[in-house]
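**Q** Since the structure of chain A is already known, use the hints to place chain D on it.
2 protein chains.
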Amino acid sequence: MSLPRRDLFEIPEGVIYLDGNSLGPLPKAARAAMDRVVAEEWGGMLIRGWNAAGWMAQPARLGDRIGRMIGAPAGSVVVGDTLSIKVYQALASALEMRPDRRVILSDSGNFPTDLYMAEGLVRTLGRGHELRTPAPEDVLGAIDGTVAAVMLTEVDYRTGRRHDVAALSARAAEAGAVMIWDLAHSAGAIEVDVTASGCDFAVGCTYKYLNAGPGAPAFIYVRPDLAGRVRPALQGWLGHAAPFDFDPGYRAGAGIERMRVGTPPVLQMAALGAALDAWEGVDMAEIRAASIALSERFVAGMRAACPDLRLASPADPALRGSQVSFAHPEGYAIMQALIGRGVIGDFRAPDLLRFGFAPLYLGTEEIDRAVDVLAGIMRDGLWDRPAYRARAAVT
Amino acid sequence: MSLPRRDLFEIPEGVIYLDGNSLGPLPKAARAAMDRVVAEEWGGMLIRGWNAAGWMAQPARLGDRIGRMIGAPAGSVVVGDTLSIKVYQALASALEMRPDRRVILSDSGNFPTDLYMAEGLVRTLGRGHELRTPAPEDVLGAIDGTVAAVMLTEVDYRTGRRHDVAALSARAAEAGAVMIWDLAHSAGAIEVDVTASGCDFAVGCTYKYLNAGPGAPAFIYVRPDLAGRVRPALQGWLGHAAPFDFDPGYRAGAGIERMRVGTPPVLQMAALGAALDAWEGVDMAEIRAASIALSERFVAGMRAACPDLRLASPADPALRGSQVSFAHPEGYAIMQALIGRGVIGDFRAPDLLRFGFAPLYLGTEEIDRAVDVLAGIMRDGLWDRPAYRARAAVT
Numbered sequence: 001m002s003l004p005r006r007d008l009f010e011i012p013e014g015v016i017y018l019d020g021n022s023l024g025p026l027p028k029a030a031r032a033a034m035d036r037v038v039a040e041e042w043g044g045m046l047i048r049g050w051n052a053a054g055w056m057a058q059p060a061r062l063g064d065r066i067g068r069m070i071g072a073p074a075g076s077v078v079v080g081d082t083l084s085i086k087v088y089q090a091l092a093s094a095l096e097m098r099p100d101r102r103v104i105l106s107d108s109g110n111f112p113t114d115l116y117m118a119e120g121l122v123r124t125l126g127r128g129h130e131l132r133t134p135a136p137e138d139v140l141g142a143i144d145g146t147v148a149a150v151m152l153t154e155v156d157y158r159t160g161r162r163h164d165v166a167a168l169s170a171r172a173a174e175a176g177a178v179m180i181w182d183l184a185h186s187a188g189a190i191e192v193d194v195t196a197s198g199c200d201f202a203v204g205c206t207y208k209y210l211n212a213g214p215g216a217p218a219f220i221y222v223r224p225d226l227a228g229r230v231r232p233a234l235q236g237w238l239g240h241a242a243p244f245d246f247d248p249g250y251r252a253g254a255g256i257e258r259m260r261v262g263t264p265p266v267l268q269m270a271a272l273g274a275a276l277d278a279w280e281g282v283d284m285a286e287i288r289a290a291s292i293a294l295s296e297r298f299v300a301g302m303r304a305a306c307p308d309l310r311l312a313s314p315a316d317p318a319l320r321g322s323q324v325s326f327a328h329p330e331g332y333a334i335m336q337a338l339i340g341r342g343v344i345g346d347f348r349a350p351d352l353l354r355f356g357f358a359p360l361y362l363g364t365e366e367i368d369r370a371v372d373v374l375a376g377i378m379r380d381g382l383w384d385r386p387a388y389r390a391r392a393a394v395t
Numbered sequence: 001m002s003l004p005r006r007d008l009f010e011i012p013e014g015v016i017y018l019d020g021n022s023l024g025p026l027p028k029a030a031r032a033a034m035d036r037v038v039a040e041e042w043g044g045m046l047i048r049g050w051n052a053a054g055w056m057a058q059p060a061r062l063g064d065r066i067g068r069m070i071g072a073p074a075g076s077v078v079v080g081d082t083l084s085i086k087v088y089q090a091l092a093s094a095l096e097m098r099p100d101r102r103v104i105l106s107d108s109g110n111f112p113t114d115l116y117m118a119e120g121l122v123r124t125l126g127r128g129h130e131l132r133t134p135a136p137e138d139v140l141g142a143i144d145g146t147v148a149a150v151m152l153t154e155v156d157y158r159t160g161r162r163h164d165v166a167a168l169s170a171r172a173a174e175a176g177a178v179m180i181w182d183l184a185h186s187a188g189a190i191e192v193d194v195t196a197s198g199c200d201f202a203v204g205c206t207y208k209y210l211n212a213g214p215g216a217p218a219f220i221y222v223r224p225d226l227a228g229r230v231r232p233a234l235q236g237w238l239g240h241a242a243p244f245d246f247d248p249g250y251r252a253g254a255g256i257e258r259m260r261v262g263t264p265p266v267l268q269m270a271a272l273g274a275a276l277d278a279w280e281g282v283d284m285a286e287i288r289a290a291s292i293a294l295s296e297r298f299v300a301g302m303r304a305a306c307p308d309l310r311l312a313s314p315a316d317p318a319l320r321g322s323q324v325s326f327a328h329p330e331g332y333a334i335m336q337a338l339i340g341r342g343v344i345g346d347f348r349a350p351d352l353l354r355f356g357f358a359p360l361y362l363g364t365e366e367i368d369r370a371v372d373v374l375a376g377i378m379r380d381g382l383w384d385r386p387a388y389r390a391r392a393a394v395t
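Protein chains in written order, with the numbering used here: chain A, 1 to 395; chain D, 1 to 395.
Chain A on its own, in the form it takes in the complex (with noise of 0.2 Å):
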């Protein structure tokens, strides 16, 4: 193969595209893809579609082509719901693992929703189970035996900071704790091994590095050893052995496919596979690297023609996932004001301008150009305007 495949998606004229990293761009193969879903599976097939086009399986393919990039085994990842419902399911199931115990370990720098859905939990339970946050750092030496689960983000959603997840999961392993990890942005961002890792509980998002589309479904990795024995929090009727037979009482299905819970989003799943196509014969090593060049070169031309805006990722690549941020005072209204040039990145408050890198479609030429419009709007102040202030609602 060679990078990038800019081809296979539809970036706008004129842009640059560095959020990747919070929604990818629109491959080019999903539109077809869900007019034919919406056409021929839906409109031609209604009902039917669930056995003839393979609406039932979806969850569990999908599931198998993710896993292939994330070093999980055929069988061992499920597709649906939103992260947020993942990260519920896999942190319920840690603690019915460890009924004796009642520290949750998380990290500072995680992603509001982990806490916010284990905060839930943890009032929901009502057994007086304890989250802790440490700072990221501090995680490590944080790991007792006291701890039921360690539930953390691979992949800071601010600086890009990478966590060393071999160090972790053997930690957390040694003291008996469960570990999840979320991958929102380490799947198809860098390289992931979930079975070398060893950890009992993988969850990420779809809509990120992999393309997926806004609103694509999350997924779920439970270790294969593990899945047959995980109980569900959220026993929906697709995770039942025989969801068709509409037995009174719940019999977990076999494996992973446990951790499905609803009907499946099959619109937005047709997004998901198109997406899934285009990393088809693509080596995570080979992008991995490819990120590296890209977030080196431009950490190497923001140094030299923004001096003004500090690198707020580690130094190190080896540190980061593939993303850098840069801390200004004037974050925001930047931001908007590159955004403006059609240089698109995003901010996080405080003072955050965030880059992704995602070699499959960005290659030096945009990393240069990108450096050369921000450069610009440093030089000439051409951010401190009125319309650049303004707050949107998201941003």
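Any given hint could turn out to be false.
[Claimed, not checked] Dumping the calculated EDC-like pairs for lysine to aspartate or glutamate here, alpha-carbon to alpha-carbon at most 16 Å: (1) A:K28 - D:E40; (2) D:K28 - D:D7; (3) D:K28 - D:E10; (4) A:K28 - A:E13; (5) A:K28 - A:E10; (6) D:K28 - A:D35; (7) A:K28 - A:E257; (8) A:K28 - A:D7; (9) D:K28 - A:E40; (10) D:K28 - D:E13; (11) A:K28 - D:D7; (12) A:K28 - A:E280.
Note that these hints are calculated values from the structure, not bench results.
Keep in mind that this is a model prediction, so the values were computed, not measured.
**A** For chain D alone, kept in the frame of chain A given last:
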């Protein structure tokens, strides 16, 4: 208006579709709506679609449109997730509202996923709650001061039998129990007035009579005076008061917004929007009258032409939803023979043939033709073939 609005739907040539109670047909406008959101919004706006295309506000906006069909005021319904998840949210909140009570009262005719989700919640809570499932006709008498929540589906998915919403809701209120209605087979099918019922929660799906497509999102209603006090068990970031502040701690959003969980399924919501367009200006009383006329015509036709098929639904149309079911020991093979001839209903074990009536796209011609085809199958024993007896995974 005049019914039916057949021209708004894509019904394959030669097909008579009596399975809209399971999956509604494709509204013609949904195809273009999907393509537009994929190409123009996702493709053209990329991340900017959250603001520019109003993706973030869609769950509430679509919720308001559904609200108008079920007697819910603006700002009391929100769309997202699956019905299983919405059942869980409602029930978990309900149990938290009645900490001193331990009984969840449902019935043996409820759709299995509602019971499974309740069972899973009971086990997760581990506080000795009990799920009771008397026969549907015994529920009213079983509501007493020990019941924390009454969780019922208005229309039975097998027989179409309809609960007395007013009487049950009143009895629940009197007993101090939280009332949760599952409107899966009600929304778009019959007249619903959640406000008049006084119920606390209502949930439903949009892929049946609302025609929003396979895997379309669910909805939840919370009574307005209650919404600001409900504590969500599933504390997702999009139910937070200020999701984009990325606070480490959860603060519930205003009113119904707190029942949102994760990132909404933007692409599926586009189909839902187009599907709801087909309902604009429709009077639910007129729909109900037309549905009864169609089902009564069907029942009368069947009585005359197919005496071997026994009506398994209430004979009084006031006591059923918008479907009728007939029982026959060879029901499965009979339904396959029928589907093979373009008349699509479905089968539920052990012996039920189900037929749904959706006056938006069905008229008397379709009903008469369906009866004729079925009569021919029965008269000539056309169902008695190995191909029709072979069971598919999903029926």
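**Q** Could you work out which of the previously given hints the structure breaks and list their numbers from low to high?
**A** Hint check: 7 and 11 fail, others pass.
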